[in-house]
Structures are given as structure tokens and as C-alpha cells.
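Model the full structure from these sequences, guided by the hints.
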Amino acid sequence: MQNKTLPRGDFRLGTLLRVTIMSVLALSLALTCISCGTPDIKPEKIDLFWPLPPDEPKIRYIEAFQSNFDIGDVSGSFTRELFGEERLVMLKKPYGVAVDRENRVYVTDIGRVFVFDKANRKLSTIGDAPGMGKLKVPIGIAISQAGKVYVSDSVSDRVFVYDKNGKYLSSIGAGKDFENPSGLAIDEKRQRIYIADSKLHNVQAFSLDGKRLLTIGKRGTGQGEFNFPTSIAVDSTGNLYVADTITARIQVFDPEGNYTRTIGELSDSPGNFVRPKGIGFDSEDHMYVVDTAFQNVQIFDKNGKLLLFFGAGGWSGPGLFMIPAGLTVDHEDRIYVVDQLNKRVQIFQYLGEKWKRKQAGQPAQ
Numbered sequence: 016m017q018n019k020t021l022p023r024g025d026f027r028l029g030t031l032l033r034v035t036i037m038s039v040l041a042l043s044l045a046l047t048c049i050s051c052g053t054p055d056i057k058p059e060k061i062d063l064f065w066p067l068p069p070d071e072p073k074i075r076y077i078e079a080f081q082s083n084f085d086i087g088d089v090s091g092s093f094t095r096e097l098f099g100e101e102r103l104v105m106l107k108k109p110y111g112v113a114v115d116r117e118n119r120v121y122v123t124d125i126g127r128v129f130v131f132d133k134a135n136r137k138l139s140t141i142g143d144a145p146g147m148g149k150l151k152v153p154i155g156i157a158i159s160q161a162g163k164v165y166v167s168d169s170v171s172d173r174v175f176v177y178d179k180n181g182k183y184l185s186s187i188g189a190g191k192d193f194e195n196p197s198g199l200a201i202d203e204k205r206q207r208i209y210i211a212d213s214k215l216h217n218v219q220a221f222s223l224d225g226k227r228l229l230t231i232g233k234r235g236t237g238q239g240e241f242n243f244p245t246s247i248a249v250d251s252t253g254n255l256y257v258a259d260t261i262t263a264r265i266q267v268f269d270p271e272g273n274y275t276r277t278i279g280e281l282s283d284s285p286g287n288f289v290r291p292k293g294i295g296f297d298s299e300d301h302m303y304v305v306d307t308a309f310q311n312v313q314i315f316d317k318n319g320k321l322l323l324f325f326g327a328g329g330w331s332g333p334g335l336f337m338i339p340a341g342l343t344v345d346h347e348d349r350i351y352v353v354d355q356l357n358k359r360v361q362i363f364q365y366l367g368e369k370w371k372r373k374q375a376g377q378p379a380q
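So the working numbering is basically just the index in the sequence shown, starting at one, shifted up by 15.
Honestly, the hints are just simulated from the structure, not real lab data.
In this text, a Cβ means the ideal position worked out from N, Cα and C, and glycines have one as well.
Be aware that one or more of the hints could be misleading.
As the list claims (entries may be wrong) - Taking lysine-lysine and the DSS-like style, the derived pairs with C-alpha atoms no more than 27 Å apart in a straight line are:
id	residue 1	residue 2
1	Lys317	Lys60
2	Lys191	Lys163
3	Lys60	Lys182
4	Lys163	Lys108
5	Lys317	Lys358
6	Lys149	Lys108
7	Lys107	Lys163
8	Lys182	Lys163
9	Lys373	Lys73
Unchecked claim - Just the calculated beta-carbon pair ranges, DEER-fashion:
id	residue 1	residue 2	range
10	Pro68	Leu228	45 to 55 Å
11	Ser159	Asp70	29 to 39 Å
12	Arg234	Ala375	27 to 37 Å
13	Lys233	Pro270	12 to 22 Å
What follows is the structure, encoded as C-alpha cells:
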């Protein structure tokens, strides 16, 4: 991804005109579908890229989904099981997102986790059945390579663990281990999970089977201190990145929990933040950071230099966000952004080397 100097005035408005035009087209198509009452009609494919021509595109808008109909689940199997009849089931207040190796998309919502399985046209849920493993307010979510699903619950004050079929297995946390667990990140190499706590103002590391390993940080504004940390992520070398949301910065720690550097500060200029939240990394270790205030996603290189941003504030149109929250990047460099008030997940593609090899029919490296 080529570095590029970005004009200050274009930070939140540079792509707004084109996005708005595409939004009008999308809205017209949506209204047409509604009027004909056929939920499986597919809208015309939208070509939307960042940056705009004549620059080489790096990010492409793919699609968005918010209901069972969006993934082709119109058979009624899920909705009949839940409600005894076919009906539209939509996201209500989504927050966190994760993707497994089978490309199933997991989204935390009120009292449950939705699992969107587009390949099999199936929508299912985790954590809404009575008994052990019942979710109240799930926030963060992470999935191990073994297929275990980890979900933080800010009311139950623990992290629930499920198998790939949604069966409850165990939980992490007891007593006062947590007060408001939020973001989760898994370090596969070290077989550990990091858990951010927005009220304790720290990040705790546990083994994947629940043994406490270390605690990072305390409340404050100094280096290695936090003020309501929310989302976290681990890069390919095991470094931990923490969205220190109220202090408006990303703090970086090595695998031993030592502070190493800070990216960004409180400012409305490119490369800085106002309310950073979701974080993720692609296969080239570019860092993607959602900013709820900017209503966009910023992309940084390994050294913390801003490369590009995409998105703008708005209702419903492609590439428009209203209070974006969680973010993840899958093994194919697809970027998933939870668009909270628009009640959907938007999907984008990083057009990097992995994508180019796939388009050329070459094996992944």
C-alpha cells in the first residue's frame, strides 16, 4: 500500500460526493425491492473504491448484510424454529464481529451472537438459550484457529467459551476478575487471549483454557495507562494494540506486556483519533482502526504512518457509517465493519498482494 499525503480538508468529506450518489442509487433499488415484496432480488453490483481515480484502488466495497434475507436465508428454517413462522430477523444493536475459517460471520448483538453463514444460506444464533452460557450484553468476540468462540459479556462480567456449533463449554473470569470486559484478541502462537476491561482500565491475558497470565495497565493518561480501553488486536509478531478510547490513541505492547509506543493523539487531523474503537490487521500487517467520531476507518503501516482512510458519516448507503464499532479482517483480507446505528455489517476488500495472486490464479503464500 503506497504512502500518500492526504489533504486535511478531504479527511471526512473526500469521498462523500461519490458515496452519496451511490447511496441514492442503492436507496432507489431498495425501494424497488420493497415495493415488489420479493426479498431475494439482488441489487445491481456497486463499484466503489478508495482512493478515487486516477489513484490505484486499494479498498473496494463488497456488500452489507443485516438480516437473514441478505444471506439468502429465505427458507424460513431459522425463523420458524424461533417464532413458528417465517419472518425477517435483523440485527438490532450490533457491536463486535469475528470471522471463522469457514467464512461464517459472527456478530454480537443484544442477548445473543448472530452467525451469518452465507455459503449455506443459514442464519443461526449462539448464547440465547436458557442455562449456562446465556448471554446478556455480549460485546467482544474472537475465534481461535481450533474453532472455539470467545464472547465477552459486560453484564455477566466474564468471557464465555463455545464450540464451533454454539455449544457452551466454559467461561473465563470469576469474582472481580472483570467489571466490564469488552475487546478480545487471540495470540495463537502463544495460545493466549487478551481481554480489555473498560472499567478496570486494563488488559488481562489468560491462557486459552482460562489461566491468568498477566495484567497490563491501570487508569491514567501516561504511557502504558488507559482511559476506557475498548477494542484490541494482535499483529503477526504478537504485539498487542489497544484502542485507548477516551485518551484517543492506540497503545502498543510487546508480547511480554511492555509498552513500546503510541500511535495518534486527540485531534481531528488525519492519522489521529477522537474515539478509536475496532482494530484489525490484514495479511501485510496494515492496521485498520475504526473511529466512531470520524465515522471512518483509517489504515496505517507497520510504523504507524497513515496510508489511507475510507468511509464517511451517513445513513444506509455503501461506505457510509453511523457509529461504527467493531472491526475484523479475515484470512482473505476482507474487512468487516460493524455499522451500529445502521444495524448492519459492511464488508470491504483490501486489494493487496494476496488478492492479486488470487485473481491471477496463483497459490497464496
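To see whether the hints hold, each was checked on the structure:
1. Lys317 <-> Lys60: 33 Å, violated
2. Lys191 <-> Lys163: 24 Å, holds
3. Lys60 <-> Lys182: 37 Å, violated
4. Lys163 <-> Lys108: Between Lys163 and Lys108 the Cα gap is close to 24 Å, so the pair holds against 27 Å.
5. Lys317 <-> Lys358: The given pair, whose Cα atoms are some 32 Å apart, is violated under the 27 Å limit.
6. Lys149 <-> Lys108: Cα-Cα ~18 Å, so holds.
7. Lys107 <-> Lys163: With Cα atoms ~25 Å apart, Lys107 and Lys163 stay inside 27 Å; holds.
8. Lys182 <-> Lys163: The given pair, whose Cα atoms are some 10 Å apart, holds under the 27 Å limit.
9. Lys373 <-> Lys73: 15 Å, holds
10. Pro68 <-> Leu228: 45 to 55 Å: 49 Å, holds
11. Ser159 <-> Asp70: 29 to 39 Å: 38 Å, holds
12. Arg234 <-> Ala375: 27 to 37 Å: 50 Å, violated
13. Lys233 <-> Pro270: 12 to 22 Å: Since the Cβ atoms of Lys233 and Pro270 sit about 20 Å apart, the hinted range of 12 to 22 Å holds.
Hint check: violations occur at hints 1, 3, 5 and 12; the rest are consistent with the structure.
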